[in-house]
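Colleague: Here's the letter readout for the chains.
There are 2 protein chains.
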Amino acid sequence: EFVCCRYVSKAAAKPQVEFDYDGPSMKTTVPGPRSKELMKQLGQIQNTGAINFFCNYEESKGNYLVDVDGNRMLDIYTQISSIPIGYNHPALLKVMANPNNLSTFVNRPALGILPPENFPDKITESLLSVAPSGMTRVQTMSCGACSNENAYKAIFIWYRNKERGQNTPTNEELNTSMINQAPGCPELSILSFMGGFHGRTLGCLATTHSKAIHKLDIPSFDWPVAPFPRLQYPLDEFTRENAEEEARCLEEVEDLIVKWRQKGKPVAGIVIEPIQAEGGDNHASPDFFRRLRNIARKHGCAFHVDEVQTGGGGTGKFWAHEHWGMDDPADIVSFSKKLLSGGYYHKDELQPDKPYRIFNTWMGDPSKNLFLSEVLNVIRRENLLEEVTRSGKALLNGLYELQAQYPSILSRARGQGTFCAIDAFDDATRDRILLKARDKGVLLGGCGDRSIRFRPALVFKEYHVNLFLNIFNDVLAQHK
Amino acid sequence: EFVCCRYVSKAAAKPQVEFDYDGPSMKTTVPGPRSKELMKQLGQIQNTGAINFFCNYEESKGNYLVDVDGNRMLDIYTQISSIPIGYNHPALLKVMANPNNLSTFVNRPALGILPPENFPDKITESLLSVAPSGMTRVQTMSCGACSNENAYKAIFIWYRNKERGQNTPTNEELNTSMINQAPGCPELSILSFMGGFHGRTLGCLATTHSKAIHKLDIPSFDWPVAPFPRLQYPLDEFTRENAEEEARCLEEVEDLIVKWRQKGKPVAGIVIEPIQAEGGDNHASPDFFRRLRNIARKHGCAFHVDEVQTGGGGTGKFWAHEHWGMDDPADIVSFSKKLLSGGYYHKDELQPDKPYRIFNTWMGDPSKNLFLSEVLNVIRRENLLEEVTRSGKALLNGLYELQAQYPSILSRARGQGTFCAIDAFDDATRDRILLKARDKGVLLGGCGDRSIRFRPALVFKEYHVNLFLNIFNDVLAQHK
Numbered sequence: 005e006f007v008c009c010r011y012v013s014k015a016a017a018k019p020q021v022e023f024d025y026d027g028p029s030m031k032t033t034v035p036g037p038r039s040k041e042l043m044k045q046l047g048q049i050q051n052t053g054a055i056n057f058f059c060n061y062e063e064s065k066g067n068y069l070v071d072v073d074g075n076r077m078l079d080i081y082t083q084i085s086s087i088p089i090g091y092n093h094p095a096l097l098k099v100m101a102n103p104n105n106l107s108t109f110v111n112r113p114a115l116g117i118l119p120p121e122n123f124p125d126k127i128t129e130s131l132l133s134v135a136p137s138g139m140t141r142v143q144t145m146s147c148g149a150c151s152n153e154n155a156y157k158a159i160f161i162w163y164r165n166k167e168r169g170q171n172t173p174t175n176e177e178l179n180t181s182m183i184n185q186a187p188g189c190p191e192l193s194i195l196s197f198m199g200g201f202h203g204r205t206l207g208c209l210a211t212t213h214s215k216a217i218h219k220l221d222i223p224s225f226d227w228p229v230a231p232f233p234r235l236q237y238p239l240d241e242f243t244r245e246n247a248e249e250e251a252r253c254l255e256e257v258e259d260l261i262v263k264w265r266q267k268g269k270p271v272a273g274i275v276i277e278p279i280q281a282e283g284g285d286n287h288a289s290p291d292f293f294r295r296l297r298n299i300a301r302k303h304g305c306a307f308h309v310d311e312v313q314t315g316g317g318g319t320g321k322f323w324a325h326e327h328w329g330m331d332d333p334a335d336i337v338s339f340s341k342k343l344l345s346g347g348y349y350h351k352d353e354l355q356p357d358k359p360y361r362i363f364n365t366w367m368g369d370p371s372k373n374l375f376l377s378e379v380l381n382v383i384r385r386e387n388l389l390e391e392v393t394r395s396g397k398a399l400l401n402g403l404y405e406l407q408a409q410y411p412s413i414l415s416r417a418r419g420q421g422t423f424c425a426i427d428a429f430d431d432a433t434r435d436r437i438l439l440k441a442r443d444k445g446v447l448l449g450g451c452g453d454r455s456i457r458f459r460p461a462l463v464f465k466e467y468h469v470n471l472f473l474n475i476f477n478d479v480l481a482q483h484k
Numbered sequence: 005e006f007v008c009c010r011y012v013s014k015a016a017a018k019p020q021v022e023f024d025y026d027g028p029s030m031k032t033t034v035p036g037p038r039s040k041e042l043m044k045q046l047g048q049i050q051n052t053g054a055i056n057f058f059c060n061y062e063e064s065k066g067n068y069l070v071d072v073d074g075n076r077m078l079d080i081y082t083q084i085s086s087i088p089i090g091y092n093h094p095a096l097l098k099v100m101a102n103p104n105n106l107s108t109f110v111n112r113p114a115l116g117i118l119p120p121e122n123f124p125d126k127i128t129e130s131l132l133s134v135a136p137s138g139m140t141r142v143q144t145m146s147c148g149a150c151s152n153e154n155a156y157k158a159i160f161i162w163y164r165n166k167e168r169g170q171n172t173p174t175n176e177e178l179n180t181s182m183i184n185q186a187p188g189c190p191e192l193s194i195l196s197f198m199g200g201f202h203g204r205t206l207g208c209l210a211t212t213h214s215k216a217i218h219k220l221d222i223p224s225f226d227w228p229v230a231p232f233p234r235l236q237y238p239l240d241e242f243t244r245e246n247a248e249e250e251a252r253c254l255e256e257v258e259d260l261i262v263k264w265r266q267k268g269k270p271v272a273g274i275v276i277e278p279i280q281a282e283g284g285d286n287h288a289s290p291d292f293f294r295r296l297r298n299i300a301r302k303h304g305c306a307f308h309v310d311e312v313q314t315g316g317g318g319t320g321k322f323w324a325h326e327h328w329g330m331d332d333p334a335d336i337v338s339f340s341k342k343l344l345s346g347g348y349y350h351k352d353e354l355q356p357d358k359p360y361r362i363f364n365t366w367m368g369d370p371s372k373n374l375f376l377s378e379v380l381n382v383i384r385r386e387n388l389l390e391e392v393t394r395s396g397k398a399l400l401n402g403l404y405e406l407q408a409q410y411p412s413i414l415s416r417a418r419g420q421g422t423f424c425a426i427d428a429f430d431d432a433t434r435d436r437i438l439l440k441a442r443d444k445g446v447l448l449g450g451c452g453d454r455s456i457r458f459r460p461a462l463v464f465k466e467y468h469v470n471l472f473l474n475i476f477n478d479v480l481a482q483h484k
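Protein sequence lines correspond, in order, to chains A and B.
Read in my numbering, the first sequence has 442 at position 438, and its numbers run on one by one without any break.
Read in my numbering, the second sequence has 301 at position 297, and its numbers run on one by one without any break.
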């Protein structure tokens, strides 16, 4: 068995995550017999085609996910990027042990009408303590899709109020809204990007364009779809070509805004991910986002940055949009996943003029905010964003080396922090590599057509990077 | 102060809910000074226009909600009908005390890919143990809106697969779906009812028609809206008139199905609540639903019964549709609220043919299923559905008496179990009554234009009914 020597010595360094295991440990191929048994059982109840295996969450710790067959895997996918500081983190277990927190778990309130006494304090110390630049307001929601759906609604309400000026809605607007017709339900649109992913409920899905299987057979809106830059990596070696590609896309954005206005379906908002994640980890430059933000401003469209997957520290900054270096990066920023429940921050002017316009029964879940407060404490106390930056550099450098070593298998290594990806030769190769890595104790995810995405927790240290690179090297060396 | 003698003796009966308080206790008008202070604080972060007051959930117990000013109110609204067995129920506190459950709270999985070992067992013992007739499959989701959104998607997928027969989707379908265009994103529709409420995300909102403020300024789909029967109450005194009204509505449903098919926007599904809740507690007869279900079958539309508000026992049966007495009541039944997280049951044929068509990161929350198992145990152990039927009769009889006593204020008392409502003379009267009742220690909700809705927990006993009727009588006697 070939082991790449460069990583061996580093891999021997002591792990710094105290509640972590010291490495993967595999008993069976994955899924093992117990997982297969459970899959059959669950198959009576649900479509199980997407299930990887069944997990033993009690035994999982830190960066390691343990399955029901006793296999322990280094988890670089973390429940689709939604476990911020690893499994069973002691700080989170402490939240559960605190009797003062019991009632928050047991009595879920309707936050929009009857919030708990500590709600303003809790969101101040949790969500607002990491608010994006220029934003002091946050609306909590239960998941990523609801966050984006409601962010779009806030955009439409804001846009129509702007058009209406000081006037109140007409009776015609009120009456036609009840039967889904204009002018009450206006023909407004949200501009999104090919390859983007913003969720799967019907409003979100109209802005999602990553895979046909997500969208096939579902009615949609006639909303404009702009090209997202297809850049060449490493970005700094192709600055001229990439700048041209970005200019082409921005030009198309402006054309679409004009065209849809002429069609009578004005673009009320533009939604974009700082890094297109599900769509294949597609990056664009800070300059692209700055210019896009200006286009939004120029045409009176709200600028919505969807940080559902990029937010929470994986890029080495808490929000990926911080890499753009702007004081006024967005009008609305949505989040979920690593923030443990959903929601969106927004500029003051994006707050609806009346209650009950943005509303539902739960509007979030205060028990998740309790955990988030602790997650943020751990991030600060342990300087996890710096750690991510450090691990991310090691990871990306390792990927560069591997793609140099295996140019017929790997290409286009890219990333920010540990939010990295690399492309395989084709989708079949990618899928084979993912399965082989899993059987050797490394859990990874795919995205786009043929990309492998890295989404470790924020406690993924250089030690873990080296551990991964060794195993990945083995997989590649054995690949035919 | 006038107290209606009829209820006094009963009100003295010993409460049967052991963890309950023995009555309301008011210190201030509501909202009190501390609530007002917190409202100002939260106003810096969110629109607080819908907030009633701030709560002390630690001190709340059973049927009583305690606010931050020390006021203790008999809660007949229960967080918009979402607290099944009262506040801080000992059975739920025990879930928190069990160390075996810790990991379920701390490690939220991506259920669609990496479910916990006990997931099949847990949903079998919780959700599937109360599955509607003819359904053995359930898809969990995080909230009511996501449940309906995904139920609609399951309907569209099923409908198109039916149209397609054995054929695979064409390349044209796959390609056009990516840019929101037909045939990949087909012009299918969901038929809904005027006055219905199915959520506020864009797909759901296209089937919601309860209040203009929910829909104004939000783009929608051109989907058909049928009239919901406007019945006269008590139902058994107006059987002939009501049957005519129901026939008129059913005829309109068939006309709309034909019309929308001709328009090229075929009706793939019909969605309806067993009792229109937000829209004003509008009832229809079992015969109406049986005939509607037949119309759906005849025209090849899926029949989706939305039990988000009616489900969970408030009508005296676990599902309100059980009152129809049908073996095959629906193709899809969605739920949330009292079931503590969302989802939908469905017939086998409504399961998507491929994985990832109905999917998102969390797809529910196993920690909520833990609580639900206990809720169901308590419902069974304490025969709560029978209790609800008993309390409901007392409540409805009390409302009949009060509307006979105050005919200029109250009318149209109606209900099933404790899922009751009564109309006030107009919306201003209704709102004044709600506020007065609250200051006397009874928390109620409004719905429709001028209705008062009753949504107590399942532990709301005859004792509580009498307590309420006494206070309500006082409010009405003092009403000018």
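Treat the hints with care, as some may be off.
Since the list gives no way to pick out one identical chain from another, each pair is judged satisfied if it fits inside one copy or across any two copies.
Here are the simulated SDA-like cross-link-like pairs (lysine to any residue), alpha carbons at most 25 Å apart as the crow flies [claimed, not checked]: (1) 126 with 34; (2) 215 with 177; (3) 358 with 438; (4) 215 with 52; (5) 126 with 439; (6) 215 with 171; (7) 263 with 187; (8) 98 with 372; (9) 397 with 121; (10) 351 with 47; (11) 31 with 76; (12) 263 with 32; (13) 126 with 43; (14) 166 with 247.
Calculated from the structure, these hints are not laboratory results.
Colleague: Tell me, which hint numbers fail for this structure?
Modeller: Hint check: 5, 9, 12, 14 fail, others pass.
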